[in-house]
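A.B. asks: These protein sequence lines are chains G and C, in that order.
For the first sequence, counting from 1, position 24 maps to 312 in this note's numbering; every step adds exactly one.
For the second sequence, counting from 1, position 40 maps to 328 in this note's numbering; every step adds exactly one.
Wrong hints could be hidden among the right ones.
The list treats identical chains as interchangeable, and a pair is accepted whether it falls inside one copy or across any two copies.
25 Å max Cα-Cα, derived BS3-like pairs, lysine-lysine [as the list claims (entries may be wrong)]: (1) LYS369 / LYS346; (2) LYS344 / LYS313; (3) LYS335 / LYS346; (4) LYS342 / LYS313; (5) LYS379 / LYS335; (6) LYS380 / LYS346; (7) LYS379 / LYS346; (8) LYS335 / LYS380; (9) LYS344 / LYS317.
Calculated from the structure, these hints are not laboratory results.
Note that this is a predicted model, so its numbers are computed, not measured.
There are 2 protein chains.
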Amino acid sequence: MHQRLAPPQKGADMTDAIRAAELLKEHRKSIDRLDAILVYSLGERFKHTQAVGKLKAKHDLPPSDPAREAAQIARLEDLAKQADLDTAFAKKFLNFIIAEVIQHHQQHQSQP
Amino acid sequence: MHQRLAPPQKGADMTDAIRAAELLKEHRKSIDRLDAILVYSLGERFKHTQAVGKLKAKHDLPPSDPAREAAQIARLEDLAKQADLDTAFAKKFLNFIIAEVIQHHQQHQSQP
């Protein structure tokens, strides 16, 4: 008990801090790589939603499609559970993207 | 000129609508696959930011790191240009995720 309560040596503290800094750096590198995946995937996703927007505008379909969006949200919830991602966040994320997509579609409809 | 202004035949219209519906379906399948990539990548990203949060809490580092965030935003802008993604949207997206991460970190700091 005495040993556990004793303050750690200065050397041990330094080693600990260096190790923490190294771990932080590695995590940040992974985050940067994942951000590249996210940006490229979003870029690809918007190419498809732009094509969908053009098709909808050409065939006079409404920009928003509640049935499709409900199915997407249900699917995302399932995926989020599998990926151990907070489902509330996943839904917020999809709504964030869908809002952007609908805005793009409305721009297409108003500029035929 | 007369030919271009003449209304299209009903059969041609139908074929066009069927082709549009098929294209729409294919785009939606791609979007669904990209959403799976996005959800799993986000899940992985949050695992790393959770680890960063724990490290920061353990070593009494502030939850937010403005220098790191500025570097991330600059990098994201570059990536967005390469991926032909709207840079304003990419920034909005990163801020959306960072806000969520900071919220998680603050929860860690207040629950040591």
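A.B. asks: Now tell me, hint by hint, if it's right for this structure.
C.D. replies: Here is how each hint holds up against the structure:
1. With identical chains, the CA atoms of LYS369 and LYS346 are never at most 25 Å apart, being 37 Å at best within one copy and 28 Å at best between copies.
2. When the C-alpha separation of LYS344 and LYS313 is checked against a cutoff of 25 Å, the pair qualifies only between copies, where the shortest distance is 12 Å, while the shortest distance within a copy is 46 Å.
3. Taking the closest pair of Cα atoms, LYS335 and LYS346 come within 25 Å of each other only inside a single copy of the chain (17 Å); across copies the shortest separation is 43 Å, beyond that limit.
4. Proximity of LYS342 and LYS313 under a CA criterion of 25 Å is satisfied inter-copy only: 14 Å between copies versus 43 Å inside one chain copy.
5. In this assembly of identical chains, the alpha carbons of LYS379 and LYS335 lie at most 25 Å apart whether taken from the same copy (21 Å) or from different copies (18 Å).
6. With identical chains, the CA atoms of LYS380 and LYS346 are never at most 25 Å apart, being 30 Å at best within one copy and 30 Å at best between copies.
7. Taking the shortest alpha-carbon separations for LYS379 and LYS346, neither the intra-copy value of 30 Å nor the inter-copy value of 31 Å comes in at or below 25 Å.
8. Proximity of LYS335 to LYS380 under the C-alpha cut-off of 25 Å is found in both arrangements, the shortest distances being 21 Å within a copy and 18 Å between copies.
9. In this homomeric assembly, LYS344 and LYS317 come within 25 Å of each other (Cα to Cα) only across copies, at 16 Å, whereas the closest approach inside a single copy is 40 Å.
Hint compliance for this structure: hints 1, 6, 7 are not met, and every other hint is.
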